[in-house]
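Asks: The primary structure of each chain is shown beneath.
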Amino acid sequence: MNVIECTELGKRYRRTWALRNCTLSIPAGHVVALVGPNGAGKTTLLNLAVGLATATAGAVSVLDGIPAGSPDALDRIAFVAQDAPLYKNLPAGAMLGVARNLNRRWDDQRARSRLAGLGIPLNKKVGQLSGGQKAQLALTIALARRPDLLVLDEPLAALDPLARHDFMVSVMETVTADGISVVLSSHVVAELERVASYLIVLSSGQVTVSGKADELVAAHGTSLEQIVLASMRESESGVAA
Amino acid sequence: MTAITTTTRAPGAARRRPVPWSRLAWVTYRQHRPALIGAAVFLGLISVYLLIMGLQMNHAYAQVASCKPAGSEACLHLKNSFNRTYWGGGGSAMEAGGAQTVSSLMLTVPVLLGAFLGAPLLAREFETGTFRFAWTQGCGRVRWAVSKLALLAVTVAGVTWAFTELFTWYYHGFLADGQVSRLLPLAFGLLGVAFAAWTLAAFALAVFFGALIRRTVPAMAATLATWTVLAIGTAVAIRQHYQAPLKTTGNPPNDAWVLGSYATGPHGQLSVNQLYQQAPASVLNSHDPNAFTNWLAQHHYTLWTSYEPASRFWHFQLIEGGWLLALSVLLLVAAVWMVRRRAA
Chain A
96 MNVIECTELG KRYRRTWALR NCTLSIPAGH VVALVGPNGA GKTTLLNLAV GLATATAGAV
156 SVLDGIPAGS PDALDRIAFV AQDAPLYKNL PAGAMLGVAR NLNRRWDDQR ARSRLAGLGI
216 PLNKKVGQLS GGQKAQLALT IALARRPDLL VLDEPLAALD PLARHDFMVS VMETVTADGI
276 SVVLSSHVVA ELERVASYLI VLSSGQVTVS GKADELVAAH GTSLEQIVLA SMRESESGVA
336 A
Chain B
33 MTAITTTTRA PGAARRRPVP WSRLAWVTYR QHRPALIGAA VFLGLISVYL LIMGLQMNHA
93 YAQVASCKPA GSEACLHLKN SFNRTYWGGG GSAMEAGGAQ TVSSLMLTVP VLLGAFLGAP
153 LLAREFETGT FRFAWTQGCG RVRWAVSKLA LLAVTVAGVT WAFTELFTWY YHGFLADGQV
213 SRLLPLAFGL LGVAFAAWTL AAFALAVFFG ALIRRTVPAM AATLATWTVL AIGTAVAIRQ
273 HYQAPLKTTG NPPNDAWVLG SYATGPHGQL SVNQLYQQAP ASVLNSHDPN AFTNWLAQHH
333 YTLWTSYEPA SRFWHFQLIE GGWLLALSVL LLVAAVWMVR RRAA
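Chains as they are written, first to last, in our numbering: chain A, 96 to 336; chain B, 33 to 376.
Isolated chain B, as found in the complex (with noise of 0.2 angstroms):
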């Protein structure tokens, strides 16, 4: 054999130079261009709709937020006016599709974007039977599988990342002086770093499903499951013990998360629903708008509402954003061992 002599191979050789990570960039590139574009198209055309919107609400929230004297009858009346039109939740077709109904379909892109382009990374590779031919190929495929999870994984949380900011911006008016709170589980996953967190958990998710079970549409359905359950209930259950929640017998800031209320006594704490059971209908049907605190007074209860002030949003998002990010390292990480292991 002539090959045995190639000078490349002479036995004791210094360690062989590796496939450098330029070149699998540009196989990951090449391989997944239609599905990066088809993302690109879909937060595209959200971004049109976005901006078009924002335009139009960012320049009739400058006339409110110009309005003098503030607070006078006319200026409450033209933020009433904008809320109206532009927040949503009314019967007509304009207001159904405001900043409400906006935000919350916003909620499901990450796993979407992250699904689509998750999991078929791997799945499709074990479906067609190409994984035969990239894992038999010089670069290794240890080194294939992390140069393609690296580069759609960085993209992935780049692109999002960015996208909040045009979603800030869209969203200033409601957010500049605390009509909606930042830590609303319906703004937060839309700011700051969750947004791209939680895109970067659905694609993790996505790849690790595709590894697991090895066919694109079960490992999507298994995401789209996993991922609704984890942000629903890190909204409803998880987000609120980050920090112990500070609690108040007035009424929260404007701008705070309310979380919910309950009275403390001489008999102890009680949630606000066996308050009213205990109230007697006379007070609770009362004409008398002070019939309930009176009542409240007279047996020494103290009411409590508890809430997450806006101040801490960022240390919040550090917190959610971290998390999120050793999860989705984690699967990513899982994903590359089983590609590893896994016999043909």
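Bound conformation, chain A alone (with noise of 0.2 angstroms):
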């Protein structure tokens, strides 16, 4: 089963291509490291997969041939947007609230408990808690839709070291303790390297490298981190060529 199935795929915002041409399939049951430098279009192709933008040529499908943000598509992943956007005014509880009456699946339990575990008062507005308590709170209320796929943009970028790490944890412990699919963007692939077990390099919208990071270990005989500086020192030359 492929979690995100992509046929040559692009997006054009005005004039400009911001994917183009990208064809991958995602396999289930990995922590998919999507990396890239800044403007590659991570966000483009995270956005497309959750259904908030739609393609401009190609297609791409979800858990295994749904469309991208059909109903199906909506009730089976949770994502995560850059930044971690969640409604500021609202207590953290309230908050719970309004993401349980939005969706069919909710696992209330699991969600109070999670911040309960985490210290994060229910009575506090999103507002005024801290970016790595900002960025639990949206991961628990991904979490709590019990998704078969969980999709992060850039999480970590916001964070100090201690709330990446943190967050990070929280992240594989969901992986050991449920079995889902998670696929993550970031532009440092240093913090991802432990975590990650399949890699994708985009760069100026293309695919450069997918696959398995212990097949493309042992394939390049470095670390993920250098496969990834390598591709995109290529595909910079390139350009300039």
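Accuracy of the hints is not assured; some may be wrong.
Claimed, not checked - A partial selection of chain A residues facing chain B, derived with a Cβ cut-off under 8 angstroms:
id: 1; residue: Ala148
id: 2; residue: Pro166
id: 3; residue: Leu169
id: 4; residue: Asp170
id: 5; residue: Ala176
id: 6; residue: Pro180
id: 7; residue: Leu181
id: 8; residue: Tyr182
id: 9; residue: Gly192
id: 10; residue: Val193
id: 11; residue: Ala194
id: 12; residue: Leu197
id: 13; residue: Asn198
id: 14; residue: Arg199
Stated by the list, open to error - Only some residues are given here: those of chain A computed to face chain B with a beta carbon under 8 angstroms:
id: 15; residue: Val145
id: 16; residue: Thr149
id: 17; residue: Phe174
id: 18; residue: Asp178
id: 19; residue: Gly188
id: 20; residue: Ala189
id: 21; residue: Arg240
id: 22; residue: Leu324
id: 23; residue: Ser326
id: 24; residue: Arg328
Hints were generated in silico from the structure; no laboratory data involved.
Every value quoted in this text rests on a predicted model; they were computed, and no experiment measured them.
No residue lacks a Cβ here, since even glycine has one placed at the ideal position from N, Cα and C.
From the two separate chains plus the hints, produce the assembled complex.
Replies: Structure, rendered in structure tokens:
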């Protein structure tokens, strides 16, 4: 089963192609790191996969052939956008209530015990939470939806090192407990090295590397970070030439 | 993957039951509670003022209405004093706050209320990026948008409709014997279904501009401008054409909405201005009050007054309410369509 499958997928905003001719299959059961420099099209690809954007060319399906953005897809995919947008003026508890009432699937017990475990008070407003707490609240809401696929767009970008660590521990605990698939994007590969079991490198709207982490490491004989850097350099010089 | 074996998603299973509207209604209520409380306080303060003034006014008017014999010197004096005190328009502070001023100010309530509640509805989601959260939840963005817009539109229209009852009671003294025509722009927009319809239209405009511009404050400004042009244009140029006006050579009824005068003569139709230009200065400046009338008769002119009779009030209300409702629905549907189409 593939959690995300793109065939010649393209997205154009006005005149510029944010993503072009992207064909890839992401198999289930992995923590997938989607890596690439800023502006490589990571967010565009994820937006297309979760149904926030519609493709200009090609097609994208999720969870074994379900069209992206369809009710069935929305039901089974939880997405946390960059900077974890939540309603700032609502208390954390009410934010849970909003999410509960916007979804058919919801595990309230899980959400509440998770927040309790993290020490996030339900009566504190979302706007008053720290960056790390806010990211954890967004992750809590995503996990309470009991998704088959969890999509995180730059989840670590706004967090300090300790919060990054805690966040990734939370994600890995879930993967171990639920066996769900995770796709997360980042422009820094170093912190994903230990957690990612599948790597996709995106550069100027095109896929340059795609494969299982252990196989890539075995084939290249270097670390994931070196593979990513080498791939980015290659495409950069390709553009220059 | 374990999840694929879950029974609810068996292949070919019956269509999923969508998220119930009642739960989406709770989300709308919870998210917009502060704005709704703000609007309620705003209307509440106006209500208290109308209630206090209305009690005084209706008490004073009861004396005018029960004065016998009607038409006597004493009764006319009482009536004039009632008008002076409560209609306003004079120099004193009390008169400045009379019913005339109150109804003028009240005419702006629909746009204030509509812009305040409608503009942030979608624009705030775009400004803060929370649409990325809302549109990726299980209920889907169209259902999300429809539940919000429908619930708030019905609430806004319902509350303002109820509010009209209070205003009508407050205004009773001036409407009762036709001192103020119900069709007069100052009154028409605050009575019947017009007040609610104009508020709904302001709300729909604000939601529409919020979806289009994606910024709260510019959406409010656009709503204010568009609504004002629409409301003033309707009052001065459109409303009188809902039904062809009646005309009379005598005096129109006391409670009619007088639109204007013109003259017909041997050379066709003339406006009052043209008539004044033709009449010699000796006639216009004459001390004889009948000089102008006599001059008109000599030159075979007939003076007409066109007016809308007060009996057409509900007919006009339903026409105006009808097209405003249609416009509002159209704007809200367009907003939902934009939400559906909008790519992140």
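Asks: A separate judgement is required for each hint: does it hold in the structure or not?
Replies: For each hint, the structure was consulted:
The interface hint given for Ala148(A) is met, as the beta carbon of that residue sits about 4 angstroms from the closest beta carbon of chain B, less than 8 angstroms. The criterion of a C-beta within 8 angstroms of any C-beta in chain B is met by Pro166(A), whose closest approach is roughly 6 angstroms, and the hint holds. About 5 angstroms separates the beta-carbon of Leu169(A) from the nearest beta-carbon of chain B, less than 8 angstroms, and the hint is met. Because the beta carbon of Asp170(A) sits about 5 angstroms from the nearest beta carbon in chain B, less than 8 angstroms, this interface hint is met.
For Ala176(A), the interface hint holds, since its Cβ comes within 8 angstroms of a Cβ in chain B; the closest pair sits about 4 angstroms apart. For Pro180(A), the suggested interface contact is upheld, since its CB lies about 4 angstroms from the closest CB of chain B, less than 8 angstroms. A cut of 8 angstroms between beta carbons decides the hint on Leu181(A): the least distance to chain B is about 6 angstroms, and the hint holds. Contact between Tyr182(A) and chain B, as hinted, is supported at the beta carbon level, the nearest pair being about 6 angstroms apart and thus within 8 angstroms.
The criterion of a C-beta within 8 angstroms of any C-beta in chain B is met by Gly192(A), whose closest approach is roughly 6 angstroms, and the hint holds. Evaluation of the Val193(A) hint against chain B yields a held restraint, the C-beta minimum of about 5 angstroms falling below 8 angstroms. Look at Ala194(A): its Cβ gets to within about 7 angstroms of chain B, closer than 8 angstroms, so that hint holds up. For Leu197(A), the shortest C-beta to C-beta distance to chain B is roughly 4 angstroms, which falls under 8 angstroms, so the interface hint holds.
Among the interface hints, the one on Asn198(A) holds; its C-beta lies about 4 angstroms from the nearest C-beta in chain B, closer than the 8 angstroms criterion. Residue-level restraint check for Arg199(A) holds (minimum Cβ-Cβ distance to chain B is 5 angstroms; threshold 8 angstroms). A distance limit of 8 angstroms between C-beta atoms decides the matter here; for Val145(A) the minimum to chain B is near 5 angstroms, and the interface restraint holds. For Thr149(A), the interface hint holds, since its Cβ comes within 8 angstroms of a Cβ in chain B; the closest pair sits about 6 angstroms apart.
With its C-beta approaching chain B no nearer than about 4 angstroms, Phe174(A) sits inside the 8 angstroms limit, and its interface hint holds. Evaluation of the Asp178(A) hint against chain B yields a held restraint, the C-beta minimum of about 7 angstroms falling below 8 angstroms. About 11 angstroms separates the beta-carbon of Gly188(A) from the nearest beta-carbon of chain B, more than 8 angstroms, and the hint is not met. Nearest Cβ of chain B to the Cβ of Ala189(A): about 6 angstroms, under the 8 angstroms cut. The hint holds.
The interface hint given for Arg240(A) is met, as the beta carbon of that residue sits about 7 angstroms from the closest beta carbon of chain B, less than 8 angstroms. With 8 angstroms as the threshold, the beta carbon of Leu324(A) stays out of range of chain B, its nearest partner Cβ sitting at about 30 angstroms, so the hint is violated. Residue-level restraint check for Ser326(A) is violated (minimum Cβ-Cβ distance to chain B is 27 angstroms; threshold 8 angstroms). Checking Arg328(A) against chain B: minimum C-beta separation of about 30 angstroms lies over 8 angstroms; hint violated.
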